[in-house]
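Peer 1: Residue numbers (the numbering used here), protein chains in the order written: chain V, 369 to 660; chain F, 345 to 774; chain L, 961 to 1195.
Incorrect hints may appear among the rest.
Computed footprint of chain V on chain F; a stretch qualifies when at least three of its residues, placed anywhere within it, have a C-beta under 8 Å from a C-beta of chain V [as the list claims (entries may be wrong)]: (1) 489-503; (2) 507-519; (3) 574-587; (4) 594-601.
Okay, the calculated beta carbon distance ranges per label pair [what the hints assert, rightly or not]: (5) V:Q494 / L:R1083: 29 to 37 Å; (6) L:G987 / V:V526: 57 to 65 Å; (7) L:G987 / F:V575: 30 to 38 Å; (8) L:G1022 / V:W430: 39 to 47 Å.
No wet-lab data here; the hints were simulated from the structure.
Cβ coordinates follow ideal geometry from the N, Cα and C atoms, glycine included.
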Amino acid sequence: MTLFVDYSLNGVAQGMIFAALALALVLIFRATRVVNFAQGAMAMMTTFGASTLLEHGVGYWWAFVAALAIGFVLGALVEVLLIRRLEGRSELNPVIVTIGLLVVLEGIAGAVYGNSSRGFPAAYSQTGLVIGHTTVDFSHFDVFVLVAVVVLMLANLVLFRATSLGLQMRASAYAREMSRLLGVRVGRLLTLGWALAGLAGALAGLLTAPTSSFSPYFMDLDLVYAFTAAVVGGLESPVGALVGGLVTGLCISYVGGYLGSGLEPLGALALLIIALMARPKGLFARPPARMV
Amino acid sequence: MASLDASGTARGAGAGDAIDAPGSGRAGGSRTPRRLRLPRQPMLRHLALAAAGAALCYLVTSLLSPYNDVLAGEIGLYVVALAGLSVLTGMSGQISLGHGAFMAVGAYTAALLANHTGLDLALQLLAAAGTAAVLGAVVGLPATRLRGPYLAGMTLLLALALPPIADRWNSLFGGDQGLVTTPPTAPGDLNAQQWLADIELWLAILTLVVVANLVRSRFGRAFRAVRDDEVAAALAGVHVARTKVIAFVVAAACGGLAGGLLGLTTGVVSTGEFPLTLSIQLLAAMVLGGAGSLVGAWWGAVLLVYLPEWSSSLAGDLQLGAGTSAYLATIIFGAVLIVAMIAAPGGIQGSLRLCWAYVGSRRGGAGTGDAVRGDAVGGDAVRSGAMAGGERPLQDRAPSSGGPAAPRGAAGSPGSAPNVQSNESSNSDG
Amino acid sequence: MLEVRELSVGYGPVTALHAVSFDALPGTITAVLGANGAGKTTLLRTLSGLVRARHGSARFAGDELLGRPVETIARAGVAHVPEGRGIIEELTVAENLELAALWRLGRRDRRAAIAATFETLPRLGTFRDRRASGLSGGERQMLAVGRALVTQPRLLLLDEPSLGLAPLVTAQLMAILADKTAGSEMVVVLVEQNARSALSVSTRAVVLDLGEVVADDESAAVAADVDLRRHYLGY
Chain V
369 MTLFVDYSLN GVAQGMIFAA LALALVLIFR ATRVVNFAQG AMAMMTTFGA STLLEHGVGY
429 WWAFVAALAI GFVLGALVEV LLIRRLEGRS ELNPVIVTIG LLVVLEGIAG AVYGNSSRGF
489 PAAYSQTGLV IGHTTVDFSH FDVFVLVAVV VLMLANLVLF RATSLGLQMR ASAYAREMSR
549 LLGVRVGRLL TLGWALAGLA GALAGLLTAP TSSFSPYFMD LDLVYAFTAA VVGGLESPVG
609 ALVGGLVTGL CISYVGGYLG SGLEPLGALA LLIIALMARP KGLFARPPAR MV
Chain F
345 MASLDASGTA RGAGAGDAID APGSGRAGGS RTPRRLRLPR QPMLRHLALA AAGAALCYLV
405 TSLLSPYNDV LAGEIGLYVV ALAGLSVLTG MSGQISLGHG AFMAVGAYTA ALLANHTGLD
465 LALQLLAAAG TAAVLGAVVG LPATRLRGPY LAGMTLLLAL ALPPIADRWN SLFGGDQGLV
525 TTPPTAPGDL NAQQWLADIE LWLAILTLVV VANLVRSRFG RAFRAVRDDE VAAALAGVHV
585 ARTKVIAFVV AAACGGLAGG LLGLTTGVVS TGEFPLTLSI QLLAAMVLGG AGSLVGAWWG
645 AVLLVYLPEW SSSLAGDLQL GAGTSAYLAT IIFGAVLIVA MIAAPGGIQG SLRLCWAYVG
705 SRRGGAGTGD AVRGDAVGGD AVRSGAMAGG ERPLQDRAPS SGGPAAPRGA AGSPGSAPNV
765 QSNESSNSDG
Chain L
961 MLEVRELSVG YGPVTALHAV SFDALPGTIT AVLGANGAGK TTLLRTLSGL VRARHGSARF
1021 AGDELLGRPV ETIARAGVAH VPEGRGIIEE LTVAENLELA ALWRLGRRDR RAAIAATFET
1081 LPRLGTFRDR RASGLSGGER QMLAVGRALV TQPRLLLLDE PSLGLAPLVT AQLMAILADK
1141 TAGSEMVVVL VEQNARSALS VSTRAVVLDL GEVVADDESA AVAADVDLRR HYLGY
C-alpha cells in the first residue's frame, strides 16, 4: 500500500514535468500544426546553458531565469529560421526538419559537453517529506515542481483566455487568413507561440535535470512521454496537456514500479496506442473544417 | 522473403489485365498496348541488371581491403533497410522514426536462432525478416488510422521502447553484453570480410529487385494512391488500411533482414547497437538519398557509412578533440537534413534528376524535364522524391539503358497538382 | 474614394483581371457583378492584399493599397468579408467582434461598439458567449457583416454576402447594409452573383466578364439594360 502511494506520488511529480513539456508541444501544434520533435533537445540545450552559468558562479535563480529566456529566444529563432520556410509543404517535412534539429542540438551538446551525465542542482531538498512517521516519495523539490507547473499552466490560461494577445493567438491558430484580414499580424504570433513553447520546454528541462542522468540525451524519453501526454489530452488543449501529463506520469510510474523500470517506454507506447485508438480520425481533436 | 519474391514474380508472369489496378485509371488507357506487347521485359531487365550488379559487387569486394569490405557490406545492409523505409515513407506516405526497432528485432531473432538452434544462415535471415514483418503488421494496424506527426510520434516511441526489453530479460537477450554472432564461413580462399560483404551486397540487390517489382505491381500503385489521397484511393476501390499494413510489413521485413546482417557485421547484438539515433539516421539517409527512390537508397547508405568516416577525418584536419569528432558526423547529418528539407526536398536522387531533366530540356526534351522539375522544386520531400525516382527504380542505375521518357512524365503530372496549391498559398502569405 | 486604375492580376499563365478601372464613392454602395469566374473575388482579394497585382493601382483616400501587407491594410480601416463569411468558428460571437475591433477602437469604445452591434443585430446578442460554430448560415452572415461594421471601416469589401441565404434574410441584410452606408463616409464594394438584389441597393454597378470591365454605370441604367442583363447577369 505504501508502495502504491509512493508510486502515485512519484507519478504525479513526473507527470507535472511531462505536462510542462506537453504544453510546449500543444502550443506549437495549435499554432502551426507541427509536432516539434526537437522540443526535448531544445530544453536540453537551455538546461545545459543554465548549467554553464552555474559553473561560472551565477546564482541558481538567475541561471533558472536565464534558461527560460534562452528557451524563449530559441523557440522564436527556430520558427523564424526553419519552420516558416516549410509553409505549404507536406506535413512530413516539418517532422523531418524538427528531427534534424534534434540531431544537430544533441550533436552540439555532445561535442561541447561530452556524453557523460553530469549533475544538475535542485532548487530544494530532494529527500522525501516526512508525514507523521513515514517518509513518502515526494520531496520539497517535487512540491516546487508541482507549484512551478501549476503557475505555468495558470499563466498560460490567463494569457489565452483573458488578454487580447491570447485572443489573437487563438484566432491565428484557427483561421490564419481570416485573422490577417482582421489585422492580426499572424506571422509574429506564430513566432510568439513557438517562443512560449520554448519557455515551457526550458522549464521542463530545468525540472527534469536534477532527477535524471543529465546528458545530451536526457530529454529524449521525456519528449516521447510528453508526446504521449499531449495526445492523451488531445494535442490541442493546454488543460488536456495537464491531464495527459498526469495520466502518463502515473502510468509510467506504475509500470516502472511494478513491472521493472525498463518497461516504462513500453507502458507509454501502450497508453499512446490506446489513446490514439480511442478516438477515430487520428485524434485531430478539432472537428474537420467546414467547407463553407 | 520467399512470399515477397513470389508476389514479385507473379506480377512479372501474370497477364497484363490482372494489373489493371484501381488508381491507375488515368494512365491506363494509353499504356495498354505497350503493356500487352512487353509484359515480361521489365522483370527480365531487372534480373539481368541484378546479375550484372552482383558480379560487379563480387569484383569490387575482391579488390577492396578487408576494412573496406566491411564498409561495403555495411552499405549493402543499409540499402536493404533504406529500401524498406523508402517503400513505407516515400511511396505509401507513412513516416517511421522507429525503423531501428525492426532492425533490432531482426538482429536478435537471427542471433538467438544462431546461438540456440544452429539453423542455416539463410533461414536465420529469413526468420529475422519474418519476425520483424510480424511486428510490422502489429505496428501497422494502429498506424492505419494515424497520419503524419501522430505516426511519427508513435514510431519514435517504438524505437525507444523495444531495446529496454532486452535489458529487462537479460538472461535471454544477453543484457548489455549482448549476444555474440558468428560470421558465415567463407567458401574456398575468400576472406571472411569479403564473403560477408558479398552476401550483404547480393541481398541488397535481391531486395531491390523484389521491392522494385512490388512497386511496379498493383501494390505499388495502391501505395502511391493512398499516399496522394486516401479518400480518392478508397473511392477507387483501394483497401486503404490493408495497403498501409502491407507497406509496414514490407518495410519491417527489410528492416529485420538488415538487422540480421548488422548483427553479423558487428559480431555482437546488444541494445547499444540500436539507439534512437540509428532510427533517425535511417530516416535522414532515406530522405537525403531521395524519398521513394530505390536508387536513392544507395546514396543514403553511402552517406550512412561514409559520413562518419569523412567527418572523423575532417575533425582530424580541424584538429578537434576525439570527443568532438564523434559528434561532428551527427551535426553534419542533422544540418544537411534541415538544409535539404528546406532547399532540396527531392534529396540527392531528386536533385540529380533535376540536373538531368535540365540538361534534357536544354537538348529539346522539354516536356519531360518540366514535369520532373515542377515536382521537385515546389515539392514535398516525399512526393517529389517518389515521383522522380519511384517509377523506374532499377533502370535508373544505368542511364545508358535510357528507358522511355513517357512514364516519367506521366508520373510527374499528377504529382504536380498539389504543388500548384502550395505555391498559391505561399503567394498569398507573402 | 476608391480609385482602381488599370488593375491586372494573374495566377501563373492565367489572367484573372485585365486592366480593370472604376471608382467607388463614399456613402454609396458600388456593386461588382458578373458570372462565376469573372474575377470578382480576385478583385476583392487584391484590394485587401491577399493577392498580388501585376500592374495598375488601387488608391483609397489618396493612399496606394497595392503592395502593402494584408494586416496593414486591415488596420487602416479596410474590412473584407470573404466569400463563405470567414467567421472564426472556434471563437465566441463576442470574441469575433472583439478581435475585429482591436485596432480601430480603444478598449472602452470597443465595448460600446460591440454593444451597439448587438442592438442592430439582436439575434447575435442572444448568442454572445456561444461559439460561432453553432450559428446558422444566416446568423453567420449577420456576424460576418456585424464584425466588419463594428470596426467602423472606411472601406468595406463584401464578397457574395447573399450566398446560401434565404431571400428574406438577404433582403434584411441588404437593408441593414443600405442603412449603414447612407449618410456615412464609408465606401462599400459589394460583389454579388445575385445581381437583382445587389442592384436594388447599389448606386453604381461594375460588370465584369472574364476579368474585364464590360459595363460601369448607374445601377438603375444597368438594371434597365436588358441586353446587358441577359448576357452577363443571367436574368
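Peer 1: Checking each numbered hint in turn, tell me which of them this model violates, lowest number first.
Peer 2: Violated hints: 3, 4, 5, 6, 7, 8; rest satisfied.
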